[in-house]
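Q: Given next are the chains, with one letter for each unit.
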Amino acid sequence: MQFAARADTSAELADTFPKLLIQNAEILRGRPAMRHKDLGIWQTWTWDAVFEEVRALSVGIAELGLARGDKVAIVGTNRPRLYWAMCAVQALGAVPVPIYADSVADEMAYVLDHAEVTIAVAEDQEQVDKITSISDRLTRLTHILYDEPRGLRDYDHGRLQWITDVQARGRAKLAAGGAAAVWLASVERGKGSDLAVILYTSGTTGRPKGVMLTFDNLIVSARNGNLFDDLGRDEEIIAYLPLAWIGDHVFSYAQSYTAGFCVNCPETPETVVEDRREIGTTYAFAPPRIYENLLTLTMVRMADAGALKRRMFDYFIGVARQWGEKILDRERVPLFARVLYGLGELLVYGPLKNRYGLGRIRVAYTAGEAIGPEIFRFYRALGINLKQLYGQTEASVYITAQPDGEIYADTVGTPNIGVEVRIADSGEVQFRSPGVFIGYFKDPERTSETKTDDGWVRTGDAGLLDERTGHLRIIDRAKDVGRLDDGTLFAPKYIENKLKFYPNIKEAVAFGDKRDFVTVMLNIDLVAVGSWAERNNVVYGNYQELACHPLVYDMVEAHVREVNQSLAGDRALVGAQIRRFLILPKELDADDGELTRTMKVRRGLIGERYAPFVRALYDGATQATIATEVTFEDGRKGVINARVAIRDIGPPAAMEKAA
Amino acid sequence: MDVAAGEAILSVENVSLAFGGVKALSDVSFDIRKGEIRAIIGPNGAGKTSMLNVINGFYQPQHGRIAFKGKQRSQMRPYEAARGGIARTFQNVALFRGMTALDNILAGRSLAMHANFFWQLLRYGPALSEEVAHRKRVEEIIDFLEIAHIRKVQVGRLPYGLQKRVELGRALAMEPDLLLLDEPMAGMNLEEKEDMSRFVLDVNNQFGTTIALIEHDMGVVMDLSDRVVVLDYGRRIADGTPEQVKRDQAVIDAYLGVAH
Chain S
16 MQFAARADTS
26 AELADTFPKL
36 LIQNAEILRG
46 RPAMRHKDLG
56 IWQTWTWDAV
66 FEEVRALSVG
76 IAELGLARGD
86 KVAIVGTNRP
96 RLYWAMCAVQ
106 ALGAVPVPIY
116 ADSVADEMAY
126 VLDHAEVTIA
136 VAEDQEQVDK
146 ITSISDRLTR
156 LTHILYDEPR
166 GLRDYDHGRL
176 QWITDVQARG
186 RAKLAAGGAA
196 AVWLASVERG
206 KGSDLAVILY
216 TSGTTGRPKG
226 VMLTFDNLIV
236 SARNGNLFDD
246 LGRDEEIIAY
256 LPLAWIGDHV
266 FSYAQSYTAG
276 FCVNCPETPE
286 TVVEDRREIG
296 TTYAFAPPRI
306 YENLLTLTMV
316 RMADAGALKR
326 RMFDYFIGVA
336 RQWGEKILDR
346 ERVPLFARVL
356 YGLGELLVYG
366 PLKNRYGLGR
376 IRVAYTAGEA
386 IGPEIFRFYR
396 ALGINLKQLY
406 GQTEASVYIT
416 AQPDGEIYAD
426 TVGTPNIGVE
436 VRIADSGEVQ
446 FRSPGVFIGY
456 FKDPERTSET
466 KTDDGWVRTG
476 DAGLLDERTG
486 HLRIIDRAKD
496 VGRLDDGTLF
506 APKYIENKLK
516 FYPNIKEAVA
526 FGDKRDFVTV
536 MLNIDLVAVG
546 SWAERNNVVY
556 GNYQELACHP
566 LVYDMVEAHV
576 REVNQSLAGD
586 RALVGAQIRR
596 FLILPKELDA
606 DDGELTRTMK
616 VRRGLIGERY
626 APFVRALYDG
636 ATQATIATEV
646 TFEDGRKGVI
656 NARVAIRDIG
666 PPAAMEKAA
Chain R
2 MDVAAGEAIL
12 SVENVSLAFG
22 GVKALSDVSF
32 DIRKGEIRAI
42 IGPNGAGKTS
52 MLNVINGFYQ
62 PQHGRIAFKG
72 KQRSQMRPYE
82 AARGGIARTF
92 QNVALFRGMT
102 ALDNILAGRS
112 LAMHANFFWQ
122 LLRYGPALSE
132 EVAHRKRVEE
142 IIDFLEIAHI
152 RKVQVGRLPY
162 GLQKRVELGR
172 ALAMEPDLLL
182 LDEPMAGMNL
192 EEKEDMSRFV
202 LDVNNQFGTT
212 IALIEHDMGV
222 VMDLSDRVVV
232 LDYGRRIADG
242 TPEQVKRDQA
252 VIDAYLGVAH
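Order-wise, the sequence lines are chains S and R. Take 16 as the starting number for the first sequence in the working numbering and just add one per residue. Take 2 as the starting number for the second sequence in the working numbering and just add one per residue.
No lab work stands behind these hints: they were computed from the structure. Because the structure is a prediction, the values reported are computed rather than measured. Hints are supplied without guarantee of correctness; some may be wrong.
Straight-line C-alpha distance at most 16 Å; calculated EDC-like pairs for lysine to aspartate or glutamate [unchecked claim]:
no., chain 1, residue 1, chain 2, residue 2
1, R, Lys153, S, Glu293
2, S, Lys52, R, Asp218
3, R, Lys70, R, Asp178
4, S, Lys52, R, Glu140
5, S, Lys652, R, Glu192
6, S, Lys52, R, Glu141
7, S, Lys188, S, Glu78
8, R, Lys153, S, Glu289
9, R, Lys137, S, Asp53
10, S, Lys52, R, Asp144
11, R, Lys247, R, Asp218
12, R, Lys153, S, Glu285
All chains should be built: construct the whole structure from the sequences, respecting the hints.
A: Now the structure itself:
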């Protein structure tokens, strides 16, 4: 079997990450494990070097006093030392708790307190300041370690320590002898069934939940994932997604340790595209938003390009759309098409993929949200093996994924290796797998709500299994699916996603449950619409002015009408067409609690905050005013006063025909 | 940092400057102490930029004396000031717009480059090893100012806030003893101002660079500076800590009070 042939050379016996690291340091000695771009140059650590770093850090941390089972927060962006800290902590039998780096202090205080964190490993001054500002609420916290010393020189170093100093003490202790054996014994005490990590999910409602995953959960899931996509030690990935997100934890940590591939940390969060291009990643993972942004940026740039280039681009993209996916799926394609596609590869696709940093890509995943079929096909047409994946923190990522060659834009694929999926009578998708979490930390109530007695997990998503292909299709969050007054099915996310597939529309929030008809509130995309405004001499000062512009309303109205048309084609949804819409005067923001940290809209909260708008959408008014609170980056609050117009689409003809 | 007792790195004594009949500065005296952040404020046309230009050697005052690092001088040219350890940024950004951010900052190192023209032309031998050393320093500045993502972007294409940051980078590349900032936050939004304030403080804190800055935003001035000198119609009307200056009646009359 393939598994045996390729399988991670690492022995099957290693059942924790520290043990895997020790093995990798032997077997993969001299091979790159991690890179970080620093001062413009890629610095590389081999597996044996990472082992030395982790062990030194681990011994240093042990000196600070850390008992088995203690929790250690990891706060920051993707930097080698933060990943090492996870393994260093696990080697001591303690549990890392990665935290979203962009959380505001209050959110962070909740998680740090709830997780009973005793040591926090922070990236830089910003994070240290945040933790210090809430330290009176964190009675258990004894030490804060930091990675980037800038600006921290004059801080009180009572309980604040530079990671490098901690490592130095660890090295000194190791050099003195004896410490290595003690450390090894501590690693040996760890077993696969131990708690490996707690990941807090941002959740669209309520307080974050701490998902507890064991080493077995993560390592078995990661190995199955490696097998599914034939991942080996030669892969190169770039780590740029939040450490606190299960996706990054599995792709940049669990899979790297099990498959033995190299993880590249970008220079800064802003340089990811450039850094990815330099590395040439072979395995990639991104939420649809990233692909949307790349495509929007490409289209905006092309609109500004010279006529010749634009025509060449348009022509070859046409060729790609016709033949690209067929070639990727190894179907039979006429010779002339292959030649034409080859020419396109040389002139357009190749350079474009190189720009995206996807020139060497073997497998690219999109997950977290539905991706627009147009966007999805665009990348596949270029020859990028983009696939959809459906996963959850509670599943250690993998529930379903599209196998190579079986790609349908509207499904999320077949169950992964070792995963069983069933659809409950309520329409809810449920699964059972080796990756199923132990429970939510200190929350047996919500754990039992989510896990059934026989070990199945309720995903909270409504979906159906495609009879023809056996692939899973996700419609919406089960609890969000509602009904209009006349009984028509109302799947808000389905409508929102259709709208968001237009580059001009960044966010959409649909209303309609227990109402007469469907309405939406929209956010325009400042890059796309801004570029359009520039080309059409539309003058605007800020987001609000642009959003209120009548021409922008006209453009968006055309999009809404098209969405209505596509809804009219679906028997179940024909009554759920959009009657009225407005464009919000402010961008929805996670800092205001309107989006989750993973950028999903919080429909209920938005409905409350913009209650005057919702009222106006349903009482026939042509405009509405509101005073809404915004949070600035520094945490201060301000108020935006705004008046917006409401557009009436009216009952569309197609609906009457269908009725 | 305790600068109250620090020695003066620059002292200005009874300086007067006139353009024809217009008196830009009359009889101004103050000093800048080693390691401090010194603000020069005043209403429009108070003579702030003229003062900076005098310190910088760009204008020659008709009267008065200036001593920098203990050395008296009457006549000095800007390049001499640069060589002596004074760097500056400008009110309206003055960068090489067609060059990348990296090259602009590297240009700030030109005074420290010693390889002769011949080697530089060939980019070989001493010129190459020198460039590598300078590039390292420049990369540290890029890292410091968090502009890695625009390293290879033409400066003319950057938004204003980032251009300002590149300009600060070029000034820092000179590793100056005294850094003159002419309205570093002008035209910035709140977020950019906060970023820039943090950089100014970090430069002062980390490199121990003495900084003299002209700024309109009172919040910024009061937060950043150790001492403030206030000019009005070319005359010094107050000098002291931000708290002292804030309470000074002459300042309130001339500037802060009448603004509303």
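Q: Any of the earlier hints contradicted here, and which numbers?
A: Number 2 - this is the single hint that the structure violates.
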